[in-house]
Structure formats: C-alpha cells, structure tokens
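Generate the whole structure from the sequences, applying the supplied hints.
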Amino acid sequence: MQNVKVKMQNEGGNVRRDLTRQLYRTMLRIRLVEEGIAALYAEQQMRCPVHLCIGQEAVAAGVCHVLGHEDLVLSTHRAHGHYLAKGGDLRAMLAEMHGKSTGCASGMGGSMHLIDLSAGFLGSAPIVGSTIPIAVGVAFGRALRTFAGREVLEPRHGVRHGEKADLQYNASCAAADAVAPAPCQIPLAGNKWNDAPPASIGECVVVAFFGEGATEEGAFHEALNFAALKQLPVLFVCENNLYSVYSPLAVRQPAGREVYRLAEGHGVISRQGDGNDALAVHSLAYDALRHVRAGRGPALLELKTYRWREHCGPNYDNNLGYRTEEEFQRWRALCPLIRLGRRGLDDGSFTQTEIDAWSDEIRAEFAAAVQFAKQSPFPQPESMLPSVYAENDSEVLSHARAA
Amino acid sequence: MQNVKVKMQNEGGNVRRDLTRQLYRTMLRIRLVEEGIAALYAEQQMRCPVHLCIGQEAVAAGVCHVLGHEDLVLSTHRAHGHYLAKGGDLRAMLAEMHGKSTGCASGMGGSMHLIDLSAGFLGSAPIVGSTIPIAVGVAFGRALRTFAGREVLEPRHGVRHGEKADLQYNASCAAADAVAPAPCQIPLAGNKWNDAPPASIGECVVVAFFGEGATEEGAFHEALNFAALKQLPVLFVCENNLYSVYSPLAVRQPAGREVYRLAEGHGVISRQGDGNDALAVHSLAYDALRHVRAGRGPALLELKTYRWREHCGPNYDNNLGYRTEEEFQRWRALCPLIRLGRRGLDDGSFTQTEIDAWSDEIRAEFAAAVQFAKQSPFPQPESMLPSVYAENDSEVLSHARAA
Amino acid sequence: MRELKYYQAIHEATDLCMARDESVYIIGLGATDPKGVFGTTAGLDRKYGSRRVMDMPCAENGMTGVVLGSALAGMRPIMVHQRIDFALLAMEQIVNQAAKWHYMFGGRTAAPLVIRLLVGRGWGQGPQHSQSLHSWFAHIPGLKVVVPSTPQDAKGLLISAIEDDNPVIFIEHRWLHNISGPVPEGMYRVPLGQARVLRPGSDVTIVAISHMALEAHRAAETLAAEGIEAEVIDPRTLRPFDEETIIDSVRRTGRLIVADTSWRHAGFAAEVVARVAEEVGGSLKCPPRRIALPECPTPTSPALAAHFYPTAADIVAAACQMVQGRTWRPAVAASSFCDVPDASFTGPF
Amino acid sequence: MRELKYYQAIHEATDLCMARDESVYIIGLGATDPKGVFGTTAGLDRKYGSRRVMDMPCAENGMTGVVLGSALAGMRPIMVHQRIDFALLAMEQIVNQAAKWHYMFGGRTAAPLVIRLLVGRGWGQGPQHSQSLHSWFAHIPGLKVVVPSTPQDAKGLLISAIEDDNPVIFIEHRWLHNISGPVPEGMYRVPLGQARVLRPGSDVTIVAISHMALEAHRAAETLAAEGIEAEVIDPRTLRPFDEETIIDSVRRTGRLIVADTSWRHAGFAAEVVARVAEEVGGSLKCPPRRIALPECPTPTSPALAAHFYPTAADIVAAACQMVQGRTWRPAVAASSFCDVPDASFTGPF
Ligand SMILES: Cc1ncc(C[n+]2csc(CCOP(=O)(O)OP(=O)(O)O)c2C)c(N)n1
Ligand SMILES: Cc1ncc(C[n+]2csc(CCOP(=O)(O)OP(=O)(O)O)c2C)c(N)n1
Ligand SMILES: [Mg+2]
Ligand SMILES: [Mg+2]
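Going line by line, the protein sequences match chains A, B, C and D.
Note that the numbering used here has the first sequence beginning at 87, numbered continuously upward.
Note that the numbering used here has the second sequence beginning at 87, numbered continuously upward.
Note that the numbering used here has the third sequence beginning at 5, numbered continuously upward.
Note that the numbering used here has the fourth sequence beginning at 5, numbered continuously upward.
Since the hints were made in silico from the structure, they are not lab data.
Think of the CB as a built atom: it goes at the ideal place given N, C-alpha and C, for glycine as much as any other residue.
Among the clues, some could well be false.
Only pairs whose alpha carbons sit at most 30 Å apart, straight line, appear in this in silico DSS-like list of lysine-lysine [as the list claims (entries may be wrong)]:
(1) D:LYS51 x D:LYS39
(2) D:LYS39 x A:LYS316
(3) C:LYS289 x D:LYS9
(4) D:LYS39 x D:LYS9
(5) A:LYS316 x D:LYS289
(6) C:LYS9 x C:LYS39
A few chain C residues that don't get close to chain B, going by computed Cβ distances all over 12 Å [what the hints assert, rightly or not]:
(7) GLU26
(8) GLY40
(9) PHE42
(10) GLY73
(11) GLN97
(12) GLY110
(13) GLY146
(14) GLU233
(15) GLU247
(16) THR350
Printed below as a string of structure tokens:
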C-alpha cells in the first residue's frame with residue numbers, strides 16, 4: 087500500500103486519483119443500482135429473470151473506462167454492469183425490466199435484452215456464447231465498410247474511422263493515458279502485447295463480454311478463429327466467476343487448464359488478471375486496447391471474479407450448498423468497492439463524505455428511474471405483431487449506417 | 087539413410103523390417119483400391135460422391151497399425167483409407183459404393199457412410215467435424231460401461247493412473263514395440279508425453295480421424311474440452327492436407343498459428359508431424375497411444391499431407407487453379423509409397439518382386455470385390471421404410487454391448 | 005390412486021429405469037444442481053453417484069455428439085436441456101446424426117437416447133427462453149417425439165422413451181411441471197404412438213398439444229356448462245402419430261379444433277388439420293380451427309403475455325362459434341398479468 | 005425474352021445488387037471457388053474483389069453470428085451454404101438471434117441478411133446432403149422464406165431478398181440450377197409474399213413447392229392430354245405466405261393437391277392443406293392430397309431414388325383419381341435410375 091502511494095506520487099497523482107474516483111463512482115453506481123433492483127424485485131413488478139452482477143463491478147468499470155463513445159459493446163444475460171458502465175440509460179433499463187414501452191427495448195426484451203445504441207451498447211442476449219461471434223461480426227462489418235469501395239460508402243456510413251474516433255478515445259482515457267500500466271501479472275513467453283506505434287490510424291474496437299461458461303461453447307472458438315484470421319479489433323472479456331449457474335468449473339473444464347490459454351491456442355493474445363481490482367482491470371484493458379487499436383488483432387482478458395447473489399434473482403443462495411460459505415466470504419472480502427474504496431480514501435482520491443454524496447446522488451437517480459419506469463405505460467397489444475419485421479428503408483438502419 | 091540403416095541393425099532390424107513391410111503393404115492396398123475406384127468411376131455404377139485419399143495413405147496406415155482389434159475408429163467423408171487400414175471389409179465397401187444391399191451399410195449410406203463393426207470401424211459421416219464428439223462419446227460410453235454400477239466408478243475418477251499396460255495393445259503392436267520411436271519433430275515445452283508406466287490396465291482407445299477443416303468447427307473444440315475434462319482415451323488425428331475443398335488454409339485459419347496449437351489450448355497434448363512418412367506417423371502414433379492408453383488423457387496428432395485428386399471425384403483438378411501445379415508436384419514427390427518403398431528396398435525390408443506380387447494380389451482382391459459388388463442385388467424398395475427405426479430389443483444393440 | 009406432480013412423475017420414471025438398467029444415465033447442465041432441473045432429477049445424483057447423474061460443459065452440440073457416441077457404446081443416456089431454445093445449438097447432431105445413425109448404416113447400430121427439452125413460459129422468459137419447437141422435431145424421420153400433458157403419461161411415456169432403441173425427444177412444458185394427477189406405482193409403459201382421449205364428448209373434437217391439453221380440459225368444463233360436449237384428445241406423441249383416434253373422434257363430432265403451444269404457421273396443428281381434411285374433410289360440419297401462437301417472437305413484457313398466449317377462453321369461444329354459431333364472452337375479464345401459471349410462481353424462473 | 009439458366013439468374017441478381025450497393029457482400033464456403041457455387045458466384049470475386057466476395061472458415065454457426073453482426077454494422081451480407089444440411093449447425097444464430105434481433109430490441113436495429121441454402125438431390129447425396137428443411141424456417145416468425153422455382157423468379161426474388169431489411173432464407177434446389185427460362189434484363193423485383201400461377205386451369209389446383217413446381221408443370225401437360233386442366237401454383241415464398249391466390253384457385257377448382265420436396269409429416273404441405281380446409285374446406289369436391297417424401301432419411305442407393313422421390317407421375321395419378329375417379333398408369337415405365345435430373349449430371353456432385 088505504501089509502495090503504491092509513493093509510486094503514484096511519482097507518476098502523476100492527480101491523474102491516478104481521477105481514475106480512482108471515476109472507477110469507484112462507476113462501480114458504486116452499478117452496485118447501488120443492482121442492490122436497488124434486488125430490493126424491489128419482491129414487489130413483482132419486474133417480471134423477468136434478472137442476473138445481477140454484484141461483486142463483479144470492477145470488470146465493467148475497468149474495461150469500459152478505457153472505451154470511447156465510438157467503441158461498441160455486446161454482452162450476455164448478466165449485462166446490467168456493462169450497460170451502465172458503457173453509458174446506457176438507467177431509466178430505459180429500469181423501464182425495460184418493468185416491461186414498459188419506454189424501456190430500452192420497448193418492453194420486448196426485458197433484463198436479458200438490453201440495448202442503448204446511442205451509448206454504443208449494441209445489445210445483450212442470454213444464449214450462452216452467442217453474442218461473441220456477433221460482436222466479431224460487428225467489428226468485421228465495420229472493417230468492411232471502412233474499406234469497401236472508396237467513396238460510395240462514405241455518405242451512407244458517415245464516419246471515417248480515424249482521427250475523430252481516436253480523439254474520442256484519447257479524451258475518455260486521458261486519465262489512464264498518463265498512468266503507467268501495472269506490470270502484467272502473468273508473463274507469457276511468445277505472447278506479448280504488440281504496442282509498437284500503430285501503422286493504421288487507431289481503430290474503434292468492439293468488446294464482447296461473456297462468462298467463463300461461454301468459453302465451452304463452440305461459438306466462442308469459431309469467433310476467436312475468425313477474429314484472429316481477419317485481425318479484427320475485438321477485445322474479448324471473459325469474466326471468470328467460477329460458476330455457470332450452479333456448476334463449478336471442475337465439472338466443465340479440464341483441471342489446471344486456465345481459460346485464457348484457450349485464446350492462445352487460437353493465436354489470440356491473452357492475459358489473466360484480478361477481476362476484483364478495478365485498477366488492475368483498467369490497466370490490463372488499457373494495454374490490451376493499445377494492441378487492438380493499433381490494428382494488431384484481437385485480444386482476450388480473463389478476469390477472475392465472483393458473483394455474490396444467486397445466478398438469477400435477487401437473493402443469496404449459498405444455503406443451497408453448491409458453493410461454500412467460506413468461499414463466498416473469501417471473495418466477499420475481496421469486494422472491488424471495498425478494495426478501491428480503501429485505496430482511494432488512503433491516497434486521498436476521495437473522502438468518505440464524497441462517497442456518501444455519490445451514494446445519495448445515485449440513490450436519487452435510481453429512485454427517479456424507478457418512478458419513471460413505474461409511471462410509464464405498458465406496450466399496447468397492437469404493438470405486438472407489427473414490429474416483427476423491419477420495414478424496408480426504415481429509419482432503423484440509419485443507426486447501423488452511422489455506427 | 088545410412089544412419090537409419092545402421093540404427094535399425096542395432097535395434098532389431100527384423101522388427102523394423104516387418105513394420106516397414108506391413109506399412110507399405112497397407113498403403114499399397116489403399117492406393118490400388120482408390121486408383122481402382124477412380125478408374126471405374128466413369129462407368130457410372132458407383133453413383134455417390136467419392137472422396138479419395140490418394141496421397142494421404144501414410145496416415146491411415148501408420149495410425150491404424152498401432153491399433154488393436156478392440157480399438158475403435160470413426161472418420162469423415164474421406165474414410166476409405168481409415169476403413170481399409172482398420173481392417174474394414176473391402177467387398178462390403180465396394181458393394182456400398184455400388185449401392186447394393188450387400189454393402190457395409192446395406193446401400194443406405196454410400197461412400198460417405200462406411201461402417202464395419204467387426205473391424206472396430208464404427209462409422210464415418212460427411213458433416214465436417216461432427217464425428218469428433220461422437221468418437222469422444224464412444225470413449226466416454228465405454229468408460230461409463232466399464233465402470234458402471236457401484237463405486238467401481240470411483241477409482242478411475244480418482245485418476246490413479248498407473249502400472250499395467252494393455253496386453254491386447256502390446257500384442258497388436260509387437261512389431262512397433264521394439265522400435266525406438268523417432269525423436270519428436272517439434273519439442274514443445276510443458277507439453278510432454280507422459281509415458282511413465284501406466285497404473286490401470288491399458289485402455290482401449292477411440293481414434294477420430296478428421297481434416298484440418300474440421301478444426302474450425304465448434305464441435306471439434308467442444309469435443310476436445312470434454313475429452314480433456316474426463317481424460318478420455320481418445321486419439322485425435324488431424325490430416326492437414328492444406329485444403330478444405332478448394333479453400334486454402336490462409337482463408338480459414340490465422341497465419342502462423344499451427345493447427346496442433348489448438349489442442350494445446352485445451353490442455354490436450356499434441357504433436358505435429360510428416361503425414362507422408364509412414365514410419366514417422368507410426369512412431370508419433372505409438373508415442374501418443376502409450377500416453378492415451380496409460381489413462382493420461384487424450385492426445386492429438388496433426389499430420390501434414392496432401393490430397394492428390396480432386397476434393398470429390400476421380401480426377402485431377404489442378405487445372406482449376408485453386409492450387410499450383412508446382413505445389414502438387416512438390417507433394418507428389420513426397421509420395422508416401424515412393425518414400426517408404428525406397429527405404430524398404432534399400433534396407434531389404436522387401437524386394438521389387440515382392441511389391442509386384444503384392445500389387446497383383448491386391449488387384450485380384452479388388453477385381454473380385456468389384457465383381458461381388460456388381461453381382462450383388464440392389465436393396466428392395468420394401469426395405470426403404472421399415473429400417474428407419476431400430477426395433478426395441480433388436481440384435482443391433484448387442485454389438486454396442488459387446489463393443 | 006395416489007397423486008403425484010408431473011415433475012415427480014418424471015423423477016420416478018427416471019429413478020425406476022436407472023435402478024433397473026445400469027446403462028441409463030443422466031447428463032445435462034444442472035442435472036446435479038441443488039434444484040435438480042425443477043425437481044425432476046433431485047437426489048438422483050446422491051442415489052446413483054456422479055457417474056450416472058452428471059453435469060456437463062456448456063456445449064450443447066458437442067455434448068449431443070458425446071451422448072450419441074455413448075449410446076453407440078451401449079449406454080442409454082438421458083440428456084436434459086433446461087430450455088428447448090438451447091437445443092437449437094444441437095440440431096446438427098440431433099437431426100443429421102442421431103436421427104439417421106441407425107438408418108444410414110443399414111441398421112447395424114442403434115442410438116437409444118432420450119433428449120428432454122423444457123419449454124419455458126411466463127415471467128418474462130422472452131424471445132429466447134420460451135419457444136415451442138416440437139413441430140420441428142416431429143418433421144424428422146428417425147426421431148420420436150413425445151409431449152406428455154399429465155403426470156401419468158409423463159411417467160409412462162418417459163419409461164417407454166428410455167427403453168426405446170431410438171432417439172426420443174421428450175418435451176416438457178414448464179407450466180405442467182407442477183400440476184398434480186394420479187400416477188400408478190411401479191413400472192408401466194405408455195406406448196409411443198397412441199393418443200389419449202382426455203375427455204369424451206360428441207359435439208366437437210379438441211386436439212390439444214402439451215400445455216394446451218390443460219387449457220382444453222378447462223375449456224371443456226366451461227363448454228359443458230354452455231351445453232357443449234367437447235371431446236379432448238391429447239396426441240401424446242407427435243411422431244409416431246396416432247391419426248386413428250383423432251379421425252374416429254372427428255367422424256363422430258364433425259368438428260375439429262386444434263390447440264397448440266407453438267406458432268400456427270407451419271406448426272404441428274397444421275398436420276392435424278391436414279390429416280383430418282384428407283380423411284374426413286367431406287363430413288365436417290364446419291371448417292376446422294387452429295388455436296396457436298400469433299406470428300411473433302415471445303414478447304417479454306408481462307402486459308403482452310395475455311395477448312400472446314391463447315387460453316381456455318379462446319378454445320371456448322371457438323367451440324361456441326362452431327357448435328352454436330354464437331359469440332361467447334367470458335363471465336369475468338382475465339385478471340392482471342397472465343404470465344404465471346399460479347400464485348406460487350414468482351420468478352425469477 | 006432472352007433465356008437464362010436458374011443459376012445464371014441468381015448470378016445476375018447478385019451482380020446487379022452488388023454493383024448498386026457497396027454494402028452487399030457474399031460469404032460462404034467456396035463462394036470464391038473455381039466453380040463459384042455451381043456458377044452462381046463465378047467471377048464475382050474478380051469483379052468485386054476479395055472484400056466483397058469471400059470464402060470463410062468451416063464454422064457455420066459462428067460465421068452466421070459474424071454475418072449477423074456485420075449486418076448490424078451496416079452491411080448487407082449474402083451467406084451461402086452448399087447444402088442446407090450444413091445450416092443445421094447454425095440454427096441457433098438464425099432462429100434465436102437473427103430472426104429475433106429486430107423484435108427483441110424493440111425495433112431499434114435490423115438484420116438485413118440473406119442466407120442462401122442449397123438443397124441437394126441425386127447421385128447418392130444420401131441422408132446428410134439432401135434434406136429439404138424449408139418447413140422449419142417457414143415456422144419461425146422474424147424470418148422470410150423464399151423457394152423460387154423459375155429463373156425469372158429466382159432473380160426477382162433474390163433482388164427483393166437482398167433489399168429486404170430482414171433475414172431472408174433463400175432456398176435453391178440443385179435440380180433447378182440448370183433449368184432455363186425467360187429472364188428480364190436489369191433490376192426488377194418479385195415481391196416477397198406473392199404466389200404465382202404457373203399455369204391456369206379449372207379442374208384441380210396443384211400447389212407445388214420448389215423443384216416440385218417443375219414436376220407439377222410436367223404433370224399438368226400430361227393431364228391436359230388426359231382431359232384434365234390443372235392450375236399450377238408456386239407459392240414462391242413460404243413466409244410471408246400468399247394464401248389468397250391459393251384459396252381463390254381452390255374455390256374455382258374445388259380440388260387441391262400439394263406437392264412438396266420435403267417430408268410429409270409436419271411439413272409445409274400440411275400448412276397449405278390446413279389453410280384450404282379452414283377457408284374453403286366445405287366446398288371441396290374431394291379430399292385434398294399431399295404428395296411428399298416418404299418418412300425416411302434419403303437412402304443413398306440409386307436403386308431407391310425412384311421410390312423415394314415423388315415425380316410428375318405421382319401428381320398425374322393423384323389428379324386422375326381425384327378428377328376422373330380412375331387409376332392412371334404411365335405409358336412407359338420410368339427408365340433406370342431416377343437419381344439425375346438429366347444426362348449431363350454425372351456426379352460426383
Ligand atoms: C446455450 C445456452 N445454454 C445454457 C443456458 C443456461 N444458462 C443461462 S446463464 C448460464 C451460465 C453461464 O455461465 P457463464 O457464461 O460463466 O456466465 P455467468 O452466469 O457466470 O455470468 C447458463 C448455463 C443458456 N442460456 N444458453
Ligand atoms: C458442416 C459442413 N460444412 C461444409 C461441408 C462441405 N464440405 C465437405 S468436405 C469439406 C472439406 C473439409 O475439409 P477438411 O476437414 O480439411 O477435409 P479434407 O476434405 O481436406 O479431407 C467441406 C467443407 C460439410 N460437409 N459439412
Ligand atoms: Mg460464470
Ligand atoms: Mg483438408
């Protein structure tokens with residue numbers, strides 16, 4: 087702890103403190119929103135499965151902090167944290183969970199189908215592994231558009247990936263930029279970040295978040311192979327929380343074979359890290375994105391973390407016996423908020439008063455969002471059938487074109 | 087060449103010569119049968135797609151030589167060589183290709199669906215990658231059966247691998263046993279054959295043959311993960327002939343990432359070797375099977391080879407331009423028969439007269455098989471519908487039970 | 005007779021088969037979990053050990069291949085997926101391989117395996133967790149497809165399925181798991197390929213699949229009060245399919261309603277209507293009617309559930325129209341959300 | 005009008021769309037191969053470059069996800085599989101994701117993509133290379149399903165499919181690729197959801213899907229010689245489905261035959277019969293008939309092909325029975341194997 091402080095003072099304490107504040111606040115917001123949902127769930131007004139990410143906030147916060155507005159994210163059933171960290175609209179999320187027409191998916195999707203195009207959150211879906219190739223495809227589609235026949239695509243697909251996006255990125259990562267990344271925790275021979283100066287202009291990236299269960303699906307491997315083949319700007323982020331529903335890793339993957347090794351098999355550079363340490367996640371993501379943005383191909387991060395609540399639903403379920411109370415307590419002690427909170431208080435990044443103020447702000451924001459959700463109307467029965475098909479030449483595709 | 091000879095004399099030249107003879111004769115039989123099929127195909131009496139393995143004979147011969155009768159094999163669309171090398175009935179194969187009721191699949195399957203249960207050839211099917219998990223399942227089912235019932239199951243799962251080697255295996259590999267395996271061509275740190283003396287009785291293995299195209303399918307990865315998880319006695323044999331139909335590896339897999347590395351990612355020990363050198367294949371298979379039979383889990387071999395004829399059908403097709411004539415000629419010069427033939431003649435394993443005699447024998451056998459096929463009756467129309475479902479308590483399952 | 009819940013009937017059938025035949029084993033995501041696949045496998049892992057009841061990697065396609073391979077090696081696997089939607093990943097192994105393995109090798113091997121698929125509904129299961137895909141499986145020669153609607157049938161059909169030497173798709177609707185009914189003790193078999201008349205009647209034949217059989221039964225009670233005697237038939241297996249029982253009934257009633265849990269277009273209800281049209285179309289007193297899902301994915305909002313899922317009321321309305329030529333209106337409007345089968349069902353699953 | 009072959013019509017439609025819209029690209033195993041997917045993509049790679057016509061890894065499921073993702077990013081992919089059977093690997097991405105993406109996100113994004121699926125037949129294609137699975141796709145809301153039978157329709161429907169903002173399944177029967185027919189020049193669209201009357205007639209309506217439309221046309225000619233005027237209708241798209249054209253026709257003819265390339269049980273022909281039974285069942289002069297595959301996987305032996313695949317002769321026989329109440333026998337017995345469409349087809353594919 088002493089060392090950290092000293093180091094930080096040497097390396098631009100302000101920047102580091104800004105980063106710490108931002109990461110902490112993002113995590114606090116996710117935590118309080120998730121806890122708020124858990125508390126309200128018994129009201130039975132959020133009538134859809136919910137997969138809370140309490141305990142796993144550092145991954146969403148750390149990775150998304152390094153993303154710019156132009157970068158895109160896709161996720162899974164456990165998407166609340168990613169959605170919020172990427173800037174997804176809280177009111178629309180809660181309205182969605184309440185099944186309202188003001189929801190981010192107009193009430194058609196529920197908690198497992200979040201989307202906020204304006205924030206670059208392109209969608210989440212609960213079929214394990216399936217959004218991974220879709221994320222790769224988004225990166226591929228962008229690449230095709232960028233390079234497809236010169237001018238013609240320009241008007242239609244507006245953005246020339248490059249300067250603008252890059253600035254965006256630099257802006258949002260200003261804090262991080264000045265911080266020397268923490269040393270990689272696992273040195274892997276022959277599998278090094280290639281962060282030589284990029285040849286092409288910096289690329290926008292697509293991030294695919296998924297659990298370690300998804301790495302058992304063929305779709306994951308097919309996606310990795312293609313991303314590596316085409317050297318696509320994709321960051322694969324695996325949140326390894328040790329369980330798939332009630333199933334521990336031991337019954338699903340060979341003992342002693344770490345998840346990130348799968349990526350290496352595909353020739354995709356990968357790292358493993360502490361998913362409960364927001365600064366460590368940030369640092370790994372920062373390095374990985376340098377590599378990816380430089381056009382040097384995809385990268386994968388395996389971040390070890392732990393889900394606190396039941397797989398699906400608002401409660402704790404250690405009583406079921408699929409995992410031990412000790413294990414849970416061990417991880418609980420590694421709470422990403424407590425850890426970063428201690429550090430931040432310690433190094434003066436923030437004060438307890440500030441934390442309290444943030445909490446109040448977030449609680450108020452949450453309460454307002456819940457009120458919005460509750461007061462919103464349900465979708466009309468008449469809306470059920472006509473929206474199955476996109477009308478040709480509808481406005482819908484302009485999003486894609488502008489993306 | 088000199089060195090080889092000297093080495094062999096030191097190490098039991100007779101054994102080595104026997105091996106050379108057997109491998110050569112097996113390859114010769116496959117070659118002549120495939121050429122025979124190619125020659126007859128224009129008759130239009132084999133009315134089904136055929137995928138010839140001319141040029142790839144060394145893999146089938148080398149691997150199957152190390153297999154005992156109890157070991158099982160599954161394969162793909164390109165299965166003739168594997169079927170023959172494993173001891174599949176030639177007459178039944180040709181009858182099958184002629185669509186006759188005496189065919190190995192009673193005319194229902196054709197060239198892409200070979201089976202000979204009595205030879206331990208459990209089936210081939212042309213959906214790329216799909217027989218790989220099935221092969222793993224056969225090994226899994228055997229393991230479950232062997233240990234089904236009470237706590238008998240435990241010892242195995244406790245993975246106390248250990249002492250005794252399989253008698254069956256030793257018997258069938260007597261020749262090979264005395265030959266020192268050639269040094270591994272690619273030394274892989276941290277990925278070593280574990281050939282310490284086996285503790286449990288040697289296991290029967292299941293071999294899955296497939297092309298490098300199949301390693302792009304999710305099914306391959308799902309199969310590897312499960313085989314590694316359960317430490318199943320499966321040998322994965324990938325014949326990397328550089329193409330999937332007309333598509334070169336470059337458009338399908340990332341440059342510089344060798345196929346066998348995929349297995350490493352899964353924690354499955356793997357080796358790469360020269361698939362046109364029957365002795366090298368044999369030696370790699372021998373080592374791999376020691377590991378597998380010892381109950382130390384699955385292994386994978388990537389064997390580089392080359393298909394001479396068109397992907398499907400009897401002709402050459404280099405004129406199409408998807409590969410160069412030079413490339414083809416380079417590989418043709420590496421003909422597994424010519425190479426082993428030269429070696430065998432050189433070291434006295436056999437004489438040209440013997441080769442000629444073998445050729446005559448095989449040609450006669452082939453001609454007789456073709457005659458059998460042509461004279462056999464077609465399946466009756468009445469047989470088409472009743473065989474869709476297995477009748478309960480039919481004889482069919484006794485095979486499985488005895489397997 | 006003692007009563008059991010549907011999920012208990014499935015449990016009992018599995019238990020009996022496992023006790024009798026050591027080659028039977030269960031595999032599936034969560035097969036060993038504390039909730040035991042909604043109770044259907046609970047405790048079997050302790051009873052039979054980890055080699056006969058086991059979890060698996062999240063790899064539906066590959067694991068179906070594994071299960072098929074194990075059947076070829078003499079085992080009798082029961083694979084279970086918590087949602088039929090996940091089995092979409094495994095269609096290749098199910099349809100190309102398992103369904104055809106016996107046939108395409110000239111009958112030399114067989115693939116005795118059961119795949120249990122659960123159909124989700126309610127509490128915002130939404131577009132990817134509540135599809136009814138039995139019509140797909142019913143289309144494939146080589147498969148057998150079972151859709152029991154009562155605890156008694158669930159047990160007898162599952163035993164038949166496990167003992168069958170072919171791949172059997174066994175479909176369980178989540179809203180059936182908690183219904184109760186009489187279930188005989190011990191081993192008994194309900195043969196695959198026999199429909200069951202759940203209730204005799206002379207005015208209209210209602211063929212109702214899976215959970216719709218429950219709705220049809222409720223509808224028949226209401227209809228009786230309206231002076232209409234409905235004959236309710238549960239086909240029970242969709243392949244092989246018992247056409248005779250249905251044709252016989254329609255011959256008597258002259259009217260046909262088919263109620264299905266899946267989409268109408270190109271769904272199984274069409275097959276039932278087509279069979280009847282081919283066999284006794286000329287003697288129908290009025291055109292047949294299908295009651296099925298509207299042509300959209302499952303919307304998640306609870307407010308739309310009532311508009312998405314047809315119920316007994318729709319059946320009653322159709323029957324009144326067909327038999328009495330009049331419009332029927334339910335006495336009381338449907339209350340609140342129709343996204344739970346009963347009050348005990350409070351999510352999250 | 006100039007004549008083109010069906011495969012050339014597909015080629016031309018693709019070419020025109022690619023020239024007009026740079027977001028259109030082709031991807032598929034062998035899309036760039038020397039044979040150009042039976043000629044349908046030949047030369048397009050040279051014309052449009054490797055970023056617009058490309059091969060892919062052998063990974064049908066993942067690549068469908070990739071294709072979907074690229075559509076979300078503004079591209080208009082055309083994916084092609086040389087056999088529909090391979091698409092069984094991709095059902096999850098097609099049905100759970102692509103078909104529902106627009107709906108489940110409340111219409112915020114769309115997935116404009118075309119998946120071309122080829123149905124194999126003949127020369128021992130066998131159980132895993134010759135299935136007809138259009139009935140499956142037709143069952144899924146969110147998909148559109150196209151099954152053209154003439155070169156003119158193939159071109160016009162493919163252009164509509166490519167321009168459509170939804171996932172469209174475009175099914176091509178291998179035995180249609182080489183048929184010739186008049187094809188207009190330039191861009192034109194055949195709207196999705198309109199059937200086509202291939203031949204007018206008053207005695208019997210024959211609804212024939214994909215390759216069976218060809219057989220039905222042949223049958224109609226034979227029937228005319230027998231004094232029976234058959235109206236042949238090609239539905240062209242199975243979802244959306246043009247019921248009216250068929251109902252109108254049956255209203256006039258009073259007789260219905262449905263000829264399908266897939267299995268009968270729970271196949272699309274049942275939907276056609278069901279619609280007719282529901283709408284005009286009462287006015288039918290005789291029960292409707294389905295002509296479809298027998299309930300077994302495709303046997304490989306050429307000797308069984310004639311017994312497996314129904315042909316014009318089966319349609320003629322059915323129509324004679326229905327219209328004239330008599331048994332029809334073909335003048336000459338079918339010659340040798342029925343496993344090739346014409347003499348030029350000699351395998352191996
Ligand atoms: C293809 C598929 N199989 C199974 C499921 C059921 N399921 C829902 S979430 C989940 C857990 C996946 O574990 P992981 O990927 O590690 O994510 P986590 O829940 O731990 O965040 C499973 C198995 C599913 N949704 N999709
Ligand atoms: C799932 C699937 N996709 C595509 C095909 C078409 N196909 C048949 S053989 C083949 C080549 C596969 O290449 P590889 O596995 O390397 O085997 P090889 O033919 O080279 O022996 C392909 C793509 C198929 N049969 N199955
Ligand atoms: Mg997990
Ligand atoms: Mg190959």
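Q: Check each numbered hint from earlier against the structure, then list the numbers of those it violates in ascending order.
A: 3, 5, 7, 10, 11, 12 and 13
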